[in-house]
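A.B. asks: Sequence:
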Amino acid sequence: MGRPPCCDKIGVKKGPWTPEEDITLVSYIQQNGPGNWRSVPTNTGLLRCSKSCRLRWTNYLRPGIKRGNFTEQEEQMIIHLQALLGNRWAAIASYLPQRTDNDIKNYWNTHLKKKLDKLHEDSDQETHHHHHGTSKGCQSSSSSYETTMYKGQWERRLQTDIHMAKQALCDALSLDNKTINLPVSSSATTSGKSESVVPSSNQSTATYASSAENIARLLPDWMKCSKKSPQTNSESIETKQTQSSVINQQLTSPPSEGV
DNA sequence: AACCACCTCAACCGCTCATTG
DNA sequence: CCAATGAGCGGTTGAGGTGGT
Numbered sequence: 001m002g003r004p005p006c007c008d009k010i011g012v013k014k015g016p017w018t019p020e021e022d023i024t025l026v027s028y029i030q031q032n033g034p035g036n037w038r039s040v041p042t043n044t045g046l047l048r049c050s051k052s053c054r055l056r057w058t059n060y061l062r063p064g065i066k067r068g069n070f071t072e073q074e075e076q077m078i079i080h081l082q083a084l085l086g087n088r089w090a091a092i093a094s095y096l097p098q099r100t101d102n103d104i105k106n107y108w109n110t111h112l113k114k115k116l117d118k119l120h121e122d123s124d125q126e127t128h129h130h131h132h133g134t135s136k137g138c139q140s141s142s143s144s145y146e147t148t149m150y151k152g153q154w155e156r157r158l159q160t161d162i163h164m165a166k167q168a169l170c171d172a173l174s175l176d177n178k179t180i181n182l183p184v185s186s187s188a189t190t191s192g193k194s195e196s197v198v199p200s201s202n203q204s205t206a207t208y209a210s211s212a213e214n215i216a217r218l219l220p221d222w223m224k225c226s227k228k229s230p231q232t233n234s235e236s237i238e239t240k241q242t243q244s245s246v247i248n249q250q251l252t253s254p255p256s257e258g259v
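The numbering of the first sequence is UniProt numbering, which starts it at 1 and goes up by one.
Derived by calculation from the structure, the hints in this document are not laboratory data. Some hints here could point you the wrong way.
[As the list claims (entries may be wrong)] Simulated restraints on C-beta separations:
# : residue 1 : residue 2 : range
1 : Lys13     : His111    : 29 to 39 Å
2 : Pro16     : Gly45     : 39 to 49 Å
3 : Lys14     : Asn106    : 13 to 23 Å
4 : Arg88     : Ser39     : 23 to 33 Å
5 : Lys118    : Gly11     : 46 to 56 Å
6 : Asn59     : Ser27     : 11 to 21 Å
7 : Gln30     : Lys51     : 28 to 38 Å
[Said to hold, decoys possible] Below 25 Å or equal to it, Euclidean Cα-Cα: the simulated BS3-like pairs (lysine-lysine) are:
#  : residue 1 : residue 2
8  : Lys51     : Lys14
9  : Lys66     : Lys113
10 : Lys51     : Lys114
11 : Lys51     : Lys13
12 : Lys51     : Lys66
13 : Lys66     : Lys115
14 : Lys118    : Lys105
15 : Lys115    : Lys51
16 : Lys14     : Lys118
17 : Lys51     : Lys105
18 : Lys115    : Lys105
Quick reminder that beta carbons are idealized off the backbone N, C-alpha and C, glycines included.
Whole structure, please, built from the sequences with the hints as guidance.
C.D. replies: Here it is, written out as structure tokens:
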């Protein structure tokens, strides 16, 4: 509604974040919790717009983020969920708590899309003379999905798909226990309009450790020491123990996106 | 070693949705 | 109920990295 972009302000910095800015942002969020992004630049003195701060936090500094090296299971999950939900990356990301919507989106655009295109080309050639009645696992057919199926059928199908996605994720978790580092904060969704990521007092130390770890990971030369903090280790152990139940909850009662 | 083409991903932009007064 | 504002989402961009010639 005709609101000027917040980033049009003079003196607002753009481009890559510096380590100092990261630290400032993380320590502010440790004290105040995420949210009320509008006030973050003012209160921290960061020359960034609120959007930029939020994005930096959710996509990069937020605790529990796993970067790169998508597993086969994660890949399958993404493909499956994309077919199911379309390009609703935030919704998809809510099923992969360690991944950000941006990360998933990037991975889809750079890897999976090409991969699937190639697969479809191959299968098209093979099944060229067959009719394409069943929309089996076809990512581009989600719209025909909806238009050609009765609602009840579609919902039943969705339930089945969610169940399969759940299975796939559970498999992935059991295979990747060693590397997985789930967010400690209650909200697994990076986005989702119902975001309420205020850490409890018990969580805040773990949250801090994870954030520091994130920064340290980015800046190996800069913060090598804090990376080895024992807090981080115990946090990841705890996290591993609870991750399955967290995922189960999320999949059993999918986020508001539920179709 | 230098150049070029391609790839990746962090960050930005513009839009919509939600909330508030 | 409506307008203003804040927050979140998805598409897109471009700087930096990497591999090939």
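A.B. asks: Hint compliance check: list the failing hint numbers for this structure, sorted ascending.
C.D. replies: Hint check: 2, 7, 10, 15, 16 fail, others pass.
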